[in-house]
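> Residue strings, one per chain:
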Amino acid sequence: MGIIKTDKLTFEYIRRDEEGNVEGITRAVDEVDLDVKQGDFIAILGHNGSGKSTLAKHINAILYPTEGTVWVDGMDTQDENHLWDIRSEAGMVFQNPDNQIIGQVVEEDVGFGPENMGVPTKEIWERVEESLKAVGMYEYRKHSPNKLSGGQKQRVSIAGVIAMHPKCIILDEPTAMLDPNGRKEVIRAVRALNDVEGITVVLITHYMEEIIHADMVYVMDKGRIAMEGTPREIFSRVEELQDLRLDVPQVTLLAYELKQRGVNLPDGILTIEELVAALSGLKGA
Amino acid sequence: MIRDITLGQYYQTESVIHKLDPRVKLVATIGFIISLFVVDSWVGYVVAAAFLAIMIQLSKVPFRFMVKGMKAIVMILMITVVFNLFLTPGEPLVTFWKLTITKEGLRIAVMMAVRLAFLIVGSSLMTLTTTPNSLTDGMEKLMGPLKYVKVPVHEVAMMMSIALRFIPILLEETDKIMKAQIARGADFESGNLIKKAKAMVPLLVPLFISAFRRANDLAMAMEARCYRGGEHRTKMKPLQYHAADRIAYLILLLYFASCVAVRIWL
Amino acid sequence: MSLILDHVNYSYGDDTALAVHALKDVNLVIPDGQFIGLIGHTGSGKSTLVQHLNGLLKPTSGAIYYNGEDIHDKDYDKKNLRSKVGLVFQYPEHQLFEIDVFKDVCFGPKNLGLFQKETELRAYAALKQVGIEDEYFYQSPFDLSGGQKRRVAIAGVLAMKPEILVLDEPTAGLDPRGRDEILDQIAKLKEETGITVILVSHSMEDVARYVERIIVMNQGSVLYDDTPREVFQHYRELEQVGLAAPQVTYIMQALAKKGMKVDPAATTIAEAVEEILKAL
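Residue numbers (numbering that gives the first Met the number 0), protein chains in the order written: chain G, 0 to 284; chain Z, 0 to 265; chain R, 0 to 279.
One thing to keep in mind: the hints can contain errors.
Stated by the list, open to error - A short, non-exhaustive set of chain R residues, derived as facing chain Z with CB atoms under 8 Å:
#1 His40
#2 Ser46
#3 Gln50
#4 Lys78
#5 Arg81
#6 Leu86
#7 Phe88
#8 Gln94
#9 Leu95
#10 Phe106
#11 Gly107
#12 Asn110
#13 Gly155
#14 Met159
What the hints assert, rightly or not - Pairs of lysine to aspartate or glutamate residues, derived as EDC-like cross-links and limited to a Cα-Cα distance of at most 16 Å, are as follows:
#15 R:Lys257 x G:Glu273
#16 G:Lys146 x Z:Glu171
#17 G:Lys258 x R:Glu273
#18 Z:Lys236 x G:Glu107
#19 R:Lys256 x G:Glu272
#20 G:Lys36 x G:Asp72
#21 Z:Lys236 x G:Glu122
#22 Z:Lys234 x G:Glu107
#23 R:Lys77 x Z:Asp186
#24 R:Lys260 x R:Glu273
#25 R:Lys257 x G:Glu272
#26 G:Lys183 x G:Glu208
#27 G:Lys56 x Z:Asp216
#28 R:Lys78 x Z:Glu188
#29 R:Lys256 x G:Glu256
#30 Z:Lys236 x G:Glu125
#31 G:Lys183 x R:Glu238
#32 R:Lys277 x G:Asp72
#33 Z:Lys234 x G:Glu125
#34 G:Lys56 x Z:Glu222
#35 R:Lys187 x R:Asp224
#36 R:Lys148 x R:Glu134
#37 Z:Lys236 x G:Glu128
#38 G:Lys146 x Z:Glu172
#39 G:Lys166 x G:Glu22
#40 Z:Lys197 x R:Glu134
Everything labelled a hint here was simulated from the structure, so no lab data went into it.
Beta carbons are placed, not taken as given, at the ideal position from N, Cα and C, and that holds for glycine.
With the sequences and hints as input, model every part of the structure.
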């Protein structure tokens, strides 16, 4: 079994009108099966309302399945005895950088998780230092979070999760509120965690360029997994992506359009270099 | 602009007072305030003034920052002085129209003014030299024993520190919403009181909604990071007394003893 | 009819040592009916600039003229200016407050002192312009989806019948579908009414598809002010200031360097496709 496994995970919530009468039932997540290997970098794509955030909250035991099961490191998330183990093993980073920083000083915020877990003082300091260094925010440790940029705040949030020594980290649209520079900063930090520290990463996003380096990509729509595969496999299905109203990187789109017009190009081109190489190969031939 | 209002008014510098344990400063401030009501003679006030002056000197905070705190209470100060001046019965000094200033009135008015002024400067000294954060920590630790009589000490301290973290964010948000509504032709300035109060609705509704949304998000983020109240919690920065803190307690004790002595023997 | 910024400077923080020069000698002419993209990274001064356009901020030095009149003249009617230069802030849905969608959109025109009839007509027209259907009119704005809320908020400004519509990052935080819907709606509005639109963004890709002129801000100054084609030619300089040209620009540049006879200045996918097909 992988580090995260779900079996027919289904989550329903009841919509009520103003008087509290039941209006209907919404199935936010519909029979999702996932199996994530330790050390993998997986990406979950989908537009707002596709159920991707609801799915993420199950991995951290913030929500519990209506039907089906979620296991984190072999522990069933519905087993209350393991609640705190699960939350420390599967860390979570949320969308809004302002609403998840608790400390008034960067280092104190990073220490918040370990404090809650009852880690001894001396070790908290060691963990805070290594976590801040891992995201490149060590020199800001004495700063007030209010003075940081969005990208920096998110990196602090990530450090706050790493300090809990999790086996995996779930990022729920961590870049949605950031500018392009902030986005790059955060993705770079996340990739380093995965490459260097070997932490399993589940990245939830709607930016295509952020998932190019993922090991596996899941595309969600209406609570179900609509597509799954490697980034290259996913990006070669341009029409399906467009039907789901998702972005396709301009290179991939350009290659696709050229192919439609009869140019002989390989499927799923992801980078500028690939496209340029393929085109100049054609030209030479 | 709203953003310019400084809260907590911490003055960053390196000094003996800054380095003291927040508990010492809290106890000292309370002790100083009590001492102001213990002494009742001019000699006593001279002792208090000397003590305060030395502390200000040690704190390296420019005196004008202390006085800043006074501005807020100028009105209260004036009213206290006026009431005491005219309404205290006793030996008349000056009489004009129906108002009489008595000797006792004058004495009490001056004393009250001095007490209030010292009180404000004394407590400003604490907030100027202690970060809101360590102040909260100090309070949590000092009130620790109250836990046993079911006072949620940890929860109150946590609420205070969260409030301190979010005040600047909400102020900035207020500024933003206000501008957005002005851009839609809203007018927050003109009109009578009722009209002004009504004009606040487009500002307050969005602000409350935002505050609730943030509270919701934050609660979830805290839970995700294993927060479950004060139990089982360790501290990253536990408060520990050092030599300087013990000396400070000693000095405080000496000061308080001399105030009591002045009261008894002079 | 135009908006002119004449040597506008803006700094905050009175203490001379701590003063921040948010705008440095900005000169711009915004004529009628243009579709303009205002680009810059966070802290480049673009949001500060935008707040000068409707008089929310007053330049430290320099002047702003709307239709030839100095907007900071003592007896200039600021309220009227704010109805003519409509400013939609970032995350505008955070300003919604009324009990239903329609009432919220009425807030702007009502503040202008219009008759109820006129107010309602304008609110109705504005909601239609942003593509909100009648069925939502009497719902609480807080029950709508993210993209819908934002469109209602934009309608709230449109109902004031502005001649210049300034949108500060109207797509921030939306998913690709919500983003496309908003941008298409704005483009359609521009086409139908001929209103001047200033789109503040940090995404070159978004802007390149729609605008005819790009103003690039950096450290409080105007770095470039030209057509997208010309601005993207400076892709190396743009990178240095933390921005980037659309991916297409990089592809075309790389192809041209490899000796393919393509126009390196193509800015959209459609242009690029034609160029490459021609060259092959």
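> For every hint, state whether the structure bears it out.
Here is how each hint holds up against the structure:
For R:His40, the interface hint is violated, the least distance from its beta-carbon to any beta-carbon of chain Z being 19 Å, above 8 Å. Interface hint status for R:Ser46: violated, as the beta-carbon distance to the closest one in chain Z is roughly 10 Å, over 8 Å. A distance limit of 8 Å between C-beta atoms decides the matter here; for R:Gln50 the minimum to chain Z is near 7 Å, and the interface restraint holds. Evaluation of the R:Lys78 hint against chain Z yields a held restraint, the C-beta minimum of about 6 Å falling below 8 Å.
For R:Arg81, the interface hint holds, since its Cβ comes within 8 Å of a Cβ in chain Z; the closest pair sits about 6 Å apart. The restraint placing R:Leu86 at the interface with chain Z holds, with a minimum CB-CB distance near 4 Å, inside the 8 Å limit. Checking R:Phe88 against chain Z: minimum C-beta separation of about 5 Å stays under 8 Å; hint holds. For R:Gln94, the shortest C-beta to C-beta distance to chain Z is roughly 4 Å, which falls under 8 Å, so the interface hint holds.
Proximity of R:Leu95 to chain Z holds as hinted, the smallest CB-CB distance being about 7 Å (cut-off 8 Å). For R:Phe106, the suggested interface contact is upheld, since its CB lies about 6 Å from the closest CB of chain Z, less than 8 Å. At its closest, the beta carbon of R:Gly107 sits 4 Å from a beta carbon of chain Z; the interface hint therefore holds under the 8 Å criterion. Taken as an interface hint, R:Asn110 checks out: its beta carbon lies about 3 Å from the nearest beta carbon of chain Z, inside 8 Å.
Interface hint status for R:Gly155: upheld, as the beta-carbon distance to the closest one in chain Z is roughly 6 Å, under 8 Å. Taking 8 Å as the C-beta contact cut-off toward chain Z, the hint placing R:Met159 at the interface holds, the least distance being around 7 Å. Annotation: proposed proximity of R:Lys257 to G:Glu273 holds, straight-line Cα distance about 13 Å (limit 16 Å). Under the criterion of a C-alpha separation no larger than 16 Å, the hint pairing G:Lys146 with Z:Glu171 is consistent with the structure, at around 12 Å.
Between G:Lys258 and R:Glu273 the alpha-carbon distance is near 13 Å, which keeps this suggested pair within the 16 Å criterion. Annotation: proposed proximity of Z:Lys236 to G:Glu107 holds, straight-line Cα distance about 8 Å (limit 16 Å). Pair hint R:Lys256 plus G:Glu272 holds up; C-alpha atoms about 12 Å apart against a cutoff of 16 Å. Annotation: proposed proximity of G:Lys36 to G:Asp72 holds, straight-line Cα distance about 10 Å (limit 16 Å).
Of the supplied pair hints, the one linking Z:Lys236 and G:Glu122 holds, its CA atoms being roughly 12 Å apart against a limit of 16 Å. For the proposed pair Z:Lys234 and G:Glu107, the alpha carbon gap of about 10 Å is at most 16 Å, so the pair holds. At most 16 Å may separate the alpha-carbon atoms for a hinted pair to count; R:Lys77 and Z:Asp186 meet this at roughly 11 Å. Taken as a hint, the R:Lys260 and R:Glu273 pair is honoured in the structure, with Cα atoms around 12 Å apart against an allowance of 16 Å.
Taken as a hint, the R:Lys257 and G:Glu272 pair is honoured in the structure, with Cα atoms around 11 Å apart against an allowance of 16 Å. With a C-alpha separation of about 10 Å, the suggested pairing of G:Lys183 with G:Glu208 holds against the 16 Å cut-off. Of the pairs offered as hints, the one joining G:Lys56 and Z:Asp216 holds, with about 12 Å between alpha carbons and a cut-off of 16 Å not exceeded. The hinted pair formed by R:Lys78 and Z:Glu188 meets the criterion: a straight-line CA distance of about 13 Å does not exceed 16 Å.
Restraint check for R:Lys256 and G:Glu256: not satisfied, since their Cα atoms lie roughly 22 Å apart, outside the 16 Å limit. Restraint check for Z:Lys236 and G:Glu125: the C-alpha separation of about 13 Å stays at or below 16 Å, so the hint holds. With a C-alpha separation of about 13 Å, the suggested pair G:Lys183 and R:Glu238 falls inside the 16 Å cut-off, and the hint holds. Distance hint between R:Lys277 and G:Asp72 is unfulfilled; the C-alpha atoms sit about 56 Å from each other, more than 16 Å.
A C-alpha spacing of about 13 Å is found between Z:Lys234 and G:Glu125, which places the hinted pair at or below 16 Å, so the restraint holds. Proposed proximity of G:Lys56 and Z:Glu222 is supported: the alpha carbons are some 12 Å apart, at most 16 Å. Distance restraint check for R:Lys187 and R:Asp224: the Cα-Cα separation of roughly 24 Å exceeds the 16 Å cut-off, and the hinted pair is therefore not satisfied. Under the criterion of a C-alpha separation no larger than 16 Å, the hint pairing R:Lys148 with R:Glu134 is consistent with the structure, at around 14 Å.
Taken as a hint, the Z:Lys236 and G:Glu128 pair is honoured in the structure, with Cα atoms around 14 Å apart against an allowance of 16 Å. With a C-alpha separation of about 15 Å, the suggested pair G:Lys146 and Z:Glu172 falls inside the 16 Å cut-off, and the hint holds. Only pairs whose Cα atoms come within 16 Å are accepted, and G:Lys166 paired with G:Glu22 is rejected, the gap being roughly 40 Å. Pair hint Z:Lys197 plus R:Glu134 does not hold up; C-alpha atoms about 29 Å apart against a cutoff of 16 Å.
The structure fails to meet hints 1, 2, 29, 32, 35, 39 and 40 from the earlier list, while all remaining hints are met.
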